[in-house]
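Q: Here is how the chains run, residue by residue.
2 protein chains.
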Amino acid sequence: MEKPAQNTDAQNGQVQEATKASSDGSICGYDSLHRLLSENLKPHLLQEVNRILLGMNRGKALETISLPESAKALSSGHNFDLQAFCFLADTELLREPRIIRVGLIQNSIALPTTAHFLDQKRAVFEKLRPIIDAAGAAGVNVLCLQEAWTMPFAFCTREKRWCEFAEPVDGESTRFLQDFARVYNMVIISPILERDVNHGETLWNTAVVIGNNGNIIGKHRKNHIPRVGDFNESTYYMEGNTGHPVFETAFGKIAVNICYGRHHPLNWLAFGLNGAEIVFNPSATVGELSEPMWPIEARNAAIANSYFVGSINRVGTEVFPNPFTSGDGKPEHADFGHFYGSSHFSAPDASCTPSLSRHRDGLLISDMDLNLCRQIKDKWGFRMTARYELYADLLAQYLKPDFEPQVISDPLLHKKSP
Amino acid sequence: MEKPAQNTDAQNGQVQEATKASSDGSICGYDSLHRLLSENLKPHLLQEVNRILLGMNRGKALETISLPESAKALSSGHNFDLQAFCFLADTELLREPRIIRVGLIQNSIALPTTAHFLDQKRAVFEKLRPIIDAAGAAGVNVLCLQEAWTMPFAFCTREKRWCEFAEPVDGESTRFLQDFARVYNMVIISPILERDVNHGETLWNTAVVIGNNGNIIGKHRKNHIPRVGDFNESTYYMEGNTGHPVFETAFGKIAVNICYGRHHPLNWLAFGLNGAEIVFNPSATVGELSEPMWPIEARNAAIANSYFVGSINRVGTEVFPNPFTSGDGKPEHADFGHFYGSSHFSAPDASCTPSLSRHRDGLLISDMDLNLCRQIKDKWGFRMTARYELYADLLAQYLKPDFEPQVISDPLLHKKSP
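Chains A and B are the protein sequences, given in the same order. Residue numbering for the first sequence follows our numbering, beginning at 251 and increasing consecutively. Residue numbering for the second sequence follows our numbering, beginning at 251 and increasing consecutively.
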């Protein structure tokens with residue numbers, strides 16, 4: 251993971267609105283890959299590029315949807331990106347369409363990391379208020395926030411004082427969102443750093459699922475934890491113990507695959523086997539480390555498991571008070587790199603929406619007919635052709651310390667070497 | 251799957267070199283997505299697009315490699331696309347680099363499907379000869395051909411007479427390739443329709459792995475079989491019974507995930523658990539059905555499993571003597587749609603090569619240091635953080651007829667419905 255050549259304002263913890271090549275790994279001044287292509291390709295070429303990159307087949311283009319003026323006014327008044335699309339599905343004879351409106355929010359932090367922790371948290375609350383209001387005004391049924399949304403993503407520092415941001419499942423952030431859930435009749439997924447008082451102050455990386463009546467339906471704890479680059483997350487919390495729950499809400503069956511779990515096809519699979527129709531992937535990841543993987547993994551999960559995926563990444567560059575090293579021999583520095591946003595939806599038919607901005611806060615909305623999940627299962631048959639018995643056997647064998655891989659060696663291997 | 255509005259020359263079985271919008275689902279006259287972007291974006295924009303789409307991070311660009319004039323002469327003399335790249339890896343202190351040169355061949359059929367079967371097969375042999383010679387001249391160590399390369403992809407027809415193309419593992423096509431393997435000291439993977447005489451003339455979709463001394467190292471039979479659109483493949487052959495073998499060759503550990511198996515993350519995983527460093531995906535697939543999925547699944551497999559992937563798709567439109575329907579209520583027709591080529595390599599670090607042409611025969615070559623596989627495992631830790639015990643348990647439960655998914659229902663589900 252490359253680091254910026256120099257860090258400005260590192261000592262005063264100023265939030266950088268990163269648009270410079272030196273800090274986000276990209277060229278200057280473009281907002282998103284899809285906008286770059288839209289502005290620089292002729293329409294007939296763009297149509298073809300979108301056919302392949304976004305799965306927009308002719309006759310089945312992804313349509314934008316119009317939103318109420320109140321939502322647009324909040325977007326322009328509070329300077330957040332707002333985009334809205336619609337995935338299509340076939341009409342069925344024996345089932346009514348099950349169209350729901352789903353929202354994703356990405357945001358930068360609101361105050362410098364040097365501010366009082368309570369002020370930082372409350373400032374994020376206030377920053378999110380108009381974005382959640384816009385989602386409510388737009389009639390969003392299910393809304394998901396980004397990973398550890400109440401705090402800066404401080405895991406790069408290895409400093410333990412950031413643990414103070416951890417909250418119980420029914421803590422202040424949950425109560426803040428429960429009000430919105432009631433007002434807008436909206437399911438809200440709230441990914442936080444959880445403090446589990448009943449288990450000796452164990453910390454978890456948890457998604458709280460709030461029902462459309464403001465009730466807490468349940469929680470899911472992140473299953474897979476990175477130890478890569480500045481993502482020293484195993485320093486802060488442990489592997490989740492909640493399995494792969496699917497939450498049956500008023501607006502469909504949803505699940506949450508938190509951040510690094512997106513690199514594990516088995517994790518995606520498990521939510522599928524348990525019946526998920528939408529899986530959210532609230533994340534925090536930076537450009538030099540993962541940006542080429544970002545458009546791949548979520549779409550593959552949607553295709554392979556015949557469900558929708560909502561991918562969220564925070565935005566901006568977060569500068570911490572105390573510099574740290576990255577274990578790569580490079581100079582110490584005070585920021586993690588650029589969180590590149592680019593939140594988007596993927597569908598089981600291999601289509602996806604354009605992404606939100608790489609730099610700005612944003613609300614992405616999409617209508618989706620959940621009937622598409624079964625339609626794609628019937629069309630492609632991935633679940634029926636999966637031969638799970640082969641893999642249950644293989645994994646059981648693999649778990650044994652004396653596992654022997656199935657290798658067929660060329661008996662002439664050492665006769666003529668390269 | 252959309253069909254061309256009309257089929258020309260259907261009755262005489264002429265091979266169409268499809269470049270028209272009506273037959274391949276795309277706009278006219280472009281060769282590949284990457285060439286389209288290269289020719290229409292300014293260099294600094296292209297660099298950024300490639301950074302995201304091809305994983306070409308600054309300072310670690312995918313380099314082209316220069317090939318001998320003899321290989322280039324064969325390419326221009328026989329009109330096939332020839333591209334060559336090089337994946338980079340870090341230098342290690344305790345291991346020498348293990349750089350091998352790998353090749354993929356994509357091709358259209360050589361004679362109309364109305365020709366005598368023996369003539370059709372022999373004509374493909376002769377068509378491939380200069381392409382394999384080019385691979386040999388270029389010093390390719392491991393070469394993979396496309397799925398069922400000895401025949402037209404006749405599974406759309408449901409006619410049983412095409413079964414005549416099936417051969418035993420040591421049949422004519424294998425003998426043809428064994429000569430090249432000896433001459434060029436080259437491992438060759440030969441995907442054919444296999445006739446298993448010892449098991450009552452059972453047919454399989456099989457990859458024969460020929461060692462660099464011309465010996466048959468072994469075979470792998472396709473594990474997952476489509477029943478989608480015109481891919482009536484379960485009509486012709488059965489699910490493979492060879493597990494997930496990894497072939498230890500003079501040039502690394504290789505495996506073969508045949509065609510539809512690429513939609514199954516567990517299939518990719520199994521080759522990884524058995525130690526594969528390169529997995530080939532010889533395929534036959536058409537534009538309207540799968541083109542948006544094509545750049546996604548192979549790259550995801552390479553990322554998730556920390557190995558290289560070589561993806562091959564045949565090219566052109568194959569017209570059959572007897573029209574058939576597609577089970578979609580549309581008129582009968584005599585072709586399968588356009589096989590869009592676009593063969594490419596993916597690497598474990600999320601980078602990939604540009605693709606071969608969507609229309610022309612081609613040979614894609616890439617150098618790869620197999621040490622990259624372990625380097626990426628050490629960096630990202632996907633294998634160590636995978637928690638396979640969770641999934642062995644889940645799959646064992648899922649296989650039971652009375653499996654109960656892990657669902658947490660909102661207790662207020664029916665209090666306020668949407």
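Note that these hints are calculated values from the structure, not bench results. Take these hints with a grain of salt, some might be off.
Which copy? The list can't say, so a pair holds if one copy fits it or any two copies do.
Distance condition first, Cα-Cα at most 25 angstroms in a straight line; then the derived DMTMM-like pairs of lysine to aspartate or glutamate [what the hints assert, rightly or not]:
| id | residue 1 | residue 2 |
| --- | --- | --- |
| 1 | Lys322 | Asp281 |
| 2 | Lys377 | Glu313 |
| 3 | Lys627 | Glu289 |
| 4 | Lys292 | Asp420 |
| 5 | Lys410 | Asp281 |
| 6 | Lys580 | Asp628 |
| 7 | Lys650 | Asp369 |
| 8 | Lys322 | Asp446 |
| 9 | Lys650 | Asp578 |
| 10 | Lys650 | Glu342 |
| 11 | Lys629 | Glu489 |
| 12 | Lys292 | Glu498 |
| 13 | Lys629 | Glu414 |
| 14 | Lys650 | Asp628 |
| 15 | Lys292 | Asp281 |
| 16 | Lys292 | Glu639 |
| 17 | Lys377 | Glu538 |
| 18 | Lys627 | Glu498 |
| 19 | Lys650 | Glu639 |
Q: Please go over all the hints and tell whether each is borne out by the structure.
A: Outcome of the hint check:
Taking the shortest Cα distances, Lys322 and Asp281 sit within 25 angstroms of each other inside one copy (19 angstroms), while across copies they are farther apart (41 angstroms). Taking the closest pair of Cα atoms, Lys377 and Glu313 never come within 25 angstroms of each other, the shortest separation being 29 angstroms inside a single copy and 45 angstroms across copies. Taking the shortest Cα distances, Lys627 and Glu289 never come within 25 angstroms of each other, neither inside one copy (36 angstroms) nor across copies (38 angstroms). Taking the shortest alpha-carbon separations for Lys292 and Asp420, neither the intra-copy value of 52 angstroms nor the inter-copy value of 52 angstroms comes in at or below 25 angstroms.
Taking the shortest Cα distances, Lys410 and Asp281 never come within 25 angstroms of each other, neither inside one copy (35 angstroms) nor across copies (55 angstroms). Within a single copy, Lys580 and Asp628 get their C-alpha atoms only as close as 52 angstroms, which misses the 25 angstroms cut-off; across copies the closest is 19 angstroms, which meets it. In this assembly of identical chains, the alpha carbons of Lys650 and Asp369 never lie at most 25 angstroms apart, being 50 angstroms within a copy and 52 angstroms across copies at closest. Taking CA atoms no more than 25 angstroms apart as the test, Lys322 paired with Asp446 passes in neither setting, with 39 angstroms inside one copy and 65 angstroms between copies.
Taking the shortest Cα distances, Lys650 and Asp578 never come within 25 angstroms of each other, neither inside one copy (34 angstroms) nor across copies (48 angstroms). With identical chains, the CA atoms of Lys650 and Glu342 are never at most 25 angstroms apart, being 47 angstroms at best within one copy and 30 angstroms at best between copies. In the homo-oligomer, the alpha carbons of Lys629 and Glu489 lie at most 25 angstroms apart only across protomers (19 angstroms), although the nearest pairing inside one protomer, at 36 angstroms, exceeds that limit. For the homomeric pair Lys292 and Glu498, neither the shortest alpha-carbon distance inside one copy (44 angstroms) nor that between copies (48 angstroms) is at most 25 angstroms.
Taking identical chains as interchangeable, the C-alpha atoms of Lys629 and Glu414 are never at most 25 angstroms apart, the minima being 49 angstroms within one chain and 29 angstroms between chains. In this assembly of identical chains, the alpha carbons of Lys650 and Asp628 lie at most 25 angstroms apart only when taken from different copies (21 angstroms versus 36 angstroms within one copy). With identical chains, the CA atoms of Lys292 and Asp281 are at most 25 angstroms apart both within one copy (19 angstroms) and between copies (17 angstroms). Taking the closest pair of Cα atoms, Lys292 and Glu639 never come within 25 angstroms of each other, the shortest separation being 50 angstroms inside a single copy and 51 angstroms across copies.
For the identical chains of this complex, Lys377 and Glu538 are neighbours neither inside a copy (27 angstroms) nor across copies (44 angstroms), given an alpha-carbon limit of 25 angstroms. Taking CA atoms no more than 25 angstroms apart as the test, Lys627 paired with Glu498 passes inside one copy only; the shortest distance there is 20 angstroms, against 36 angstroms between copies. Taking the shortest alpha-carbon separations for Lys650 and Glu639, both the intra-copy value of 18 angstroms and the inter-copy value of 10 angstroms come in at or below 25 angstroms.
The structure shown violates the earlier hints numbered 2, 3, 4, 5, 7, 8, 9, 10, 12, 13, 16, 17.
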